[in-house]
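So the protein sequences, as listed, match chains A and S.
Taking this note's numbering, the leading residue of the first sequence gets 1, the next gets one more, and so forth.
Taking this note's numbering, the leading residue of the second sequence gets 1, the next gets one more, and so forth.
One should not assume that every hint holds.
Pairwise CB distance ranges (calculated) [to be verified]:
1) A/Pro-85 to S/Glu-134: 52 to 62 Å
2) S/Glu-268 to A/Gly-208: 18 to 28 Å
3) A/Arg-28 to S/Pro-59: 47 to 57 Å
4) S/Tyr-18 to A/Ser-53: 31 to 41 Å
5) A/Glu-267 to S/Pro-104: 35 to 45 Å
It is worth saying that the hints were derived from the structure and are not from the lab.
Glycine included, C-beta positions come from ideal geometry on N, C-alpha and C.
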Amino acid sequence: MLAEDNPNWGLETLLVVRNLKKHFNTPRGIVRAVDDVSFFMTTGETLALVGESGSGKTTTAHVIMGFYTPTEGSVIYKGTDIDIPIEKRPLWLKKEIQIVLQDLATSLNPKKTIKEIIEAAVKVHGWSRKIERLERVLELMDYLGLPEEYLFKRPTEIGGGEKQLVALARALAVGPTILILDEPTSALDVSAQSRVLKTLLKIQKDRGVSYLLITHDLSVVRNISRRVIIMYLGKICEVADTEEFFSKPAHPYTQMLLSSIPTMSEEDERILPKKIESRGEIPSAINPPPGCRFHTRCPYAMEICKKREPPALNIGSSQHLVYCWLYSQGNT
Amino acid sequence: MPLLEVRNLYVNYRSYWYTYHVLNDVSLRVSQGEKVGLIGESGSGKTTLLKSVLQILPPQGKIVSGEVLWKGTNLLKASKNYLDGIRRKEVGMIFQDPLGALNPVFKIKDQILDVLRHSYDGLSVKEYLGLAEELLRNVMLPDPVRVLESYPFQLSGGMRQRVVIAMALASARSLLLADEPTTNLDVTIQDQILRLINKLVGKKGLSMVLVSHALGMVARMTHRVYVMYAGTIVEEAPTRELFKDPLHPYTALLIESAPRLYIKRLGEGIAGNPPDYRYPPPGCRFHPRCPRAMDVCKKMKPQTLRYLAVDT
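The task is simple: from the sequences and hints, build the whole structure.
Shown next, in the form of structure tokens:
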């Protein structure tokens, strides 16, 4: 989707990703991890990037962070191209785009105390006096509901949900505008999960932070995101508002994804689309299928799907885009 | 007589300094052909319970007291031969981590044949290979010959999980123990694996114990559910009844806190943390976190009460 299609373009568009490609050269061939992906994000919204493993959602996030330089395409933040590797980014930019990494066991140093972990971020970003730093750390911990006695505990001594909150505190310490959340709840039990999600909602309400939420869990998407992007093998399949996404999923892959979720109540069952039985394996991103990448598993695949990549088609509201030949006028 | 019955099982883990009182008076029953679910948060003792049934606990784990009855015979007192027979030919177990369950330096062929030699006696190598191929075909693996010649790392996560299921089913003639059979799998692949397990279990007429913290999965796959909290069983009910009308405060909170698809709502979650197994709380182990705790909860372990639904 082009940023110009957004009716609010220029007013509150925060981040634009345009025709982004990220390929990796490996001995076995080129991995097309992200292949021509475009989307935008507005101020204060939560945009969910959903997909299964190998869909390129984490790679996209890492390109935005500057961990990788894009092979092609651009990432534009507040009107400037930020195709700068992380080590060369100016401090203000690093402050404004922050990430909470997926694997908490490795992203929080087990030998440091919670105080040291949060304080490091506070220090790098300008608070030089020790007492000020401590105040700031305490303020953050209090805000996120972490008790004061946790200051001198280490990550291994606290629960998964609390670790996630510490990682959040560290990211919030510098006052980011965009926070990339990579699978924030995938390792958590239900009760810790709902605590973390509630905290995320509170932060957004109080501070207007925009979230780029990377997840495979659609019940999380349902509860905190405003818009959803579905990715499959490095491509976008569908973009929609959350409400519309659940009420009118359009792309066959989206429907398969939704109907694969095991539900625990009739109410949940009712909103899912008619069963499309999941079949086939997710192909390798090294030699992705030509045409629409989903055609090898799609129950509705036509001849054209095997040859040509589907364009973005508008259905329903102007915000609902689907990349599928089924919805193209000439091919029905 | 139930196929498997666990009665008043106590299991401790020991470290150099501490004793962890994990399973506390756990009882469970699986009838012929029944699919039973076991839900609870991580660390609630679900896997320990399964491993105790087969007596494959790690060395620091110890069964303190209780009975594990297999068709009425106490496996804890049975001879090694009898127990081995059950492990080889009656019960199959799908372990949690499909990569960890397969040895990375052996071909799939060697690993499957190893299992088959134990569960089928006296076949020729050719017959074993034929059987292995058939097993792989049963779990819908295309091109079983290639899979047999592969190493685990050459297969995708979904394929590895299918191999592990095939191996578990080879030795399962009566009971399948499935410990989180789809962790780390993508949703659409998970859906395929669940359908496969359902089909094969139905076809062979097996009983199953499905362990998971994913409530939706248990709701879909089982007849009856046990809910575990901190090493104790807190509730047992037919699956539909449990999800519709949970009785124990823990179950109710657990179900309520799970995010839903049909509505935008986040549950309250459960305050506090699971207890320290070194010093488990007296009385009901859930009382420190229970919103409805009373004085008696702190002193006495609640008895198992049978609840009869009254039609109104």
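Okay, the hints, checked on the actual structure:
no.: 1; hint: A/Pro-85 to S/Glu-134: 52 to 62 Å; result: holds, 53 Å
no.: 2; hint: S/Glu-268 to A/Gly-208: 18 to 28 Å; result: holds, 26 Å
no.: 3; hint: A/Arg-28 to S/Pro-59: 47 to 57 Å; result: violated, 41 Å
no.: 4; hint: S/Tyr-18 to A/Ser-53: 31 to 41 Å; result: holds, 38 Å
no.: 5; hint: A/Glu-267 to S/Pro-104: 35 to 45 Å; result: holds, 44 Å
The structure shown violates just one earlier hint, number 3.
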